[in-house]
Amino acid sequence: MEFFRIRKDIPFMRHALVFNVISLITFLLAVFFLAHKGLHFSVEFTGGTLMEVRYPQAPNLDSLRKKLESDGFSDPQVQNFGSSTDVLIRVPLAKDGDSNKVSAHVLTSLQAVDSANPPELKRVEFVGPQVGKELASDGAMALLLVVIGIVVYLAIRFEWRFAVSAVIANLHDVIIILGCFALFQWEFSLPVLAAILAVLGYSVNESVVVFDRVRETFKKQKKMSTPEVLDHAITSTISRTIITHGCTQMMVTSMLIFGGVALHYFALALTIGICFGIYSSVLVASPLVMWLGVSREQFLPKPKVEKQEAVV
Amino acid sequence: MNRYPLWKNILVVVALVLGLLYTLPNFFGESPAVQVSSVKATVKVDPSLLGRVEDTLQAAGIAHQGLYADQNSIRVRFDSTDTQLKAKDAIEKNLNPVADDASYSVALNLLPSSPQWLTSIHALPMYLGLDLRGGVHFLLQVDMKGALTKRLDSMAADIRTLLRDKNLRHAGIARDGNTLSIRFRDTETRDRVKNVLGTSMPELTLAEQADGADFKLVATLKPEAQQKLQGDSIKQNISTLHNRINELGVAEPVIQQQGADRIVVQLPGVQDTAKAKDILGRTATLEIRMVDDENSQNPAVMEQAANGQPPAGTEYYTERGGHGLLVRKQVVLTGDRLTDAQPGFDGQTHEPAVHLTLDSAGARIFKDITRENVGKRMAILLIEKGKGEVVTAPRINTEIGGGRVQISGRMSTQEASDVALLLRAGSLAAPMDIVEERTIGPSLGADNISKGFHSTLWGFTAIAVFMIAYYLLFGVVSVVALSANLLFLVALLSLMQATLTLPGIAAIALTLGMAIDANVLINERVREELRVGNTPQAAITAGYERAWATILDSNVTTLIAGIALLIFGSGPVRGFAVVHCLGILTSLFSSVVVSRAVINLIYGRRKKLTALSIGQVWKPDSAVAK
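Line order of the protein sequences matches chains A and B. Last residue of the first sequence: 376 in the working numbering, with the numbers rising by one and none dropped. Last residue of the second sequence: 647 in the working numbering, with the numbers rising by one and none dropped.
The set of hints was computed from the structure by calculation and includes no laboratory data. Be careful, since some hints might not be right.
Unchecked claim - Under the rule of at most 27 Å between Cα atoms (straight-line distance), these lysine-lysine pairs were calculated in the BS3-like manner:
hint : chain 1 : residue 1 : chain 2 : residue 2
1    : B       : K187      : B       : K350
2    : A       : K165      : B       : K166
3    : B       : K256      : B       : K215
4    : B       : K107      : B       : K187
5    : B       : K29       : B       : K187
6    : B       : K187      : A       : K197
7    : B       : K298      : A       : K165
8    : B       : K243      : B       : K166
9    : B       : K237      : B       : K350
10   : A       : K287      : A       : K72
11   : A       : K131      : B       : K298
12   : A       : K284      : A       : K72
13   : A       : K165      : A       : K197
14   : A       : K197      : B       : K298
15   : B       : K350      : B       : K215
Only chain A is shown next, with the shape it has when bound in the complex:
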């Protein structure tokens, strides 16, 4: 089998502007949704109590909600989770009082609703306010560290132009993933954050593979112009790009299907990341490199300038 039978280099760079405009529009849309709708943060970030209970028979969610409200919990969220007998309850942080006892109180309230249908507690998560804030700032720090680390590494291994364009291309992926989470109001939890950072590292390596080829082609093919070099590099790596991402996506799809609710958003973030990763790390990063003015001279071994000192 051979999927990719490409005779000539595909002139990607001729359409560079189109690719970038598309990605700019997606990016702006993502920013708009982020600003307009905001992220739906999980309890880990906002603080509060999250409980997962299982009932023998499907309970009436409205009566649960009303009971909780009448028992003094402000703004409780009650929703089904996976099946009609599994219920997820979120209670925001109480401004005063002992938040440690919330889970026990909620359970007593739930048990009081229908004694013939007693809930079984499956999971409780309680996060205090300061922990949530720290998680958010730690997440931002991790992102910053990844960006700096990648820029420095690529600048050393390649050239600063490559480093900058790879990071711009991939950071815009991150924004697009976040935009999707904002648009659909999917829950943004810690595993999602982990997925985003993993994807960032992963799609940068996509750019690296292309850049590697660019460097090699610059050295080998002395007659090609810069856009031609880029076209050649992308074309000759495109089969690997598609196959690799296809394989990774197979694994992620398997997680999406078999991983259940716990891994759902994690796998979803990866899926978006992988799809946009291909696009941006190849079709956005390469034009950026071109526009930043990459040229063959930057890769040729620097001619040694012998200083001739005047001997008087």
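Based on these hints, arrange chain B on the given structure of chain A.
Chain B in isolation, oriented as in the chain A frame:
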């Protein structure tokens, strides 16, 4: 020719054998067990206990599958959870005849059922996190400010005693915030006190201040002393938590410091969170203070005090039963001086009571106080979460020596034994709050394992099918390399006993999905070399060599992201990051070295190799020629 030197082949074989060996325990699963450990410092786990446990089981007619003793505990393995529960009851009854005064904790546990020889080379199954095995996780925040004020309060008491012993008169010692101020009528006394304090309490910084007609000495704790205090407080809290958790009977509790002022507590298998939280969260300490009898009998003052304006130097409390009481702020004795607390009954009234035993210093102070205050009342306060409660306020009839004190008064038997437990389990150096809690039911844990396992299995199968269909023999080799990667990863995780969580399993799956990249790169490169007309042997060499630089670069960037997660991640993210980072490292080895070794084995010795089984290599030129 594509041949590896002997040492490289040996390296690959050794790595594979070790990987297999350390992965093996994961297949044996775990069997139910009962774990016996000592609760009291005076009771040691020794061989005689092993015999006792064995005899108990024999007497009860319960068959076991092995007894094991290590330094701190004895473990007995059983074939089913039914026998495990029966055995637990039998052992518990025999070892702890008095339920209130347990010397041993008898807990349910799981033991790996891998053979002994594997255990002896430290090959253990992966350590599952709470989200996979079920249990409770708490993150406790230690209130350092509370520790500081508590320390300053007790120092103020010490200074008082010191000055009284040395016959130095002061006009009052008070704590405002983080400083202690001592007032004097004249500078001479102040200077003498300053000298005395300078030598006997070196951890204080002393500054002189004039305050109206009075002269003040302001004392603050030196920064290094504060730091030491913080460290000590955390340590004391951790050991107190250990004691309390021992009373809960948990098999493998994790109690660790996290950051400067936090403690993580993980109790695998515990489902009764309410009880666990009650025991952990209660920060009861005992304080003995004097009652301000004069003002307590003045109705006008009491009314004011009840409205929140008690006279200076006192605090308003309500006794059990509802009577108001004014208690002096000065603490006579704290729970630190306590060596034991037992529930019992009052010898005369037969009311439930708690019997306290004080250490020698505490006993001396108590003797002095009772001698000097005969006829007055003293209040015994239980301080929980910053709120005090007067348990009892008895009148002192005679001097009490010997350090044995009894608290009684309007307590139920249950309350008496609860108070005794809390006091006995030790006092906390600083109050703590639960800032994070996670409870995972055991069924959810098993669910998570199977979900993680199935995701990985089917993802792996899909990749394997595709790779073999697309790259034929080279695809098979890639799949072998990927399997080796999984093997190494599981072996490393088992060997390091790193905690495996559900995000960790997701990371295994994701790492495998990403690791195939290296093999795709190599295979594509080999095809490319064939396409430009290289001989098969040359194509293999060039393919691997050229792909290596790319593989390295791309893995380094992924590793950077992994390390950032490792540094800043906490909880579930850290579990993800550990596996991710390890997986990148193992994939470098397996996808490059292992796959090359296999390829060399297959093709390396053939001199007249004409074609490689790497799938169709499509050449544009030949297509044009047709």
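Tested hints:
1. The straight-line distance between the Cα atoms of K187 of chain B and K350 of chain B is roughly 23 Å, inside the 27 Å bound, and the hint therefore holds.
2. Between K165 of chain A and K166 of chain B the alpha-carbon distance is near 24 Å, which keeps this suggested pair within the 27 Å criterion.
3. The hinted pair formed by K256 of chain B and K215 of chain B fails the criterion: a straight-line CA distance of about 32 Å is larger than 27 Å.
4. The hinted pair formed by K107 of chain B and K187 of chain B fails the criterion: a straight-line CA distance of about 64 Å is larger than 27 Å.
5. Taking the CA atoms of K29 of chain B and K187 of chain B, the gap is about 79 Å. The hint is violated against a cut of 27 Å.
6. Proposed proximity of K187 of chain B and K197 of chain A is contradicted: the alpha carbons are some 52 Å apart, above 27 Å.
7. For the hint pairing K298 of chain B with K165 of chain A, the CA-to-CA distance comes to about 9 Å; that is within 27 Å, so the pair holds.
8. Taking the CA atoms of K243 of chain B and K166 of chain B, the gap is near 15 Å; set against the 27 Å cutoff, the hint holds.
9. With a CA separation close to 21 Å, the supplied pair K237 of chain B and K350 of chain B stays within the 27 Å bound.
10. Taking the CA atoms of K287 of chain A and K72 of chain A, the gap is near 16 Å; set against the 27 Å cutoff, the hint holds.
11. This hinted pair checks out: K131 of chain A and K298 of chain B have alpha carbons roughly 25 Å apart, not beyond 27 Å.
12. Distance check on the hinted pair: K284 of chain A and K72 of chain A sit about 17 Å apart at the alpha-carbon level, within 27 Å; holds.
13. Between K165 of chain A and K197 of chain A, the direct Cα distance comes to roughly 21 Å. Compliance with the 27 Å bound is thereby established for this hinted pair.
14. A hinted pair counts as satisfied when its Cα atoms are at most 27 Å apart, and K197 of chain A with K298 of chain B qualifies at roughly 24 Å.
15. Straight-line distance between C-alpha atoms of K350 of chain B and K215 of chain B comes to about 24 Å, which keeps the hinted pair within the 27 Å bound.
The structure does not agree with the numbered hints 3, 4, 5, 6 stated previously, though it agrees with the rest.
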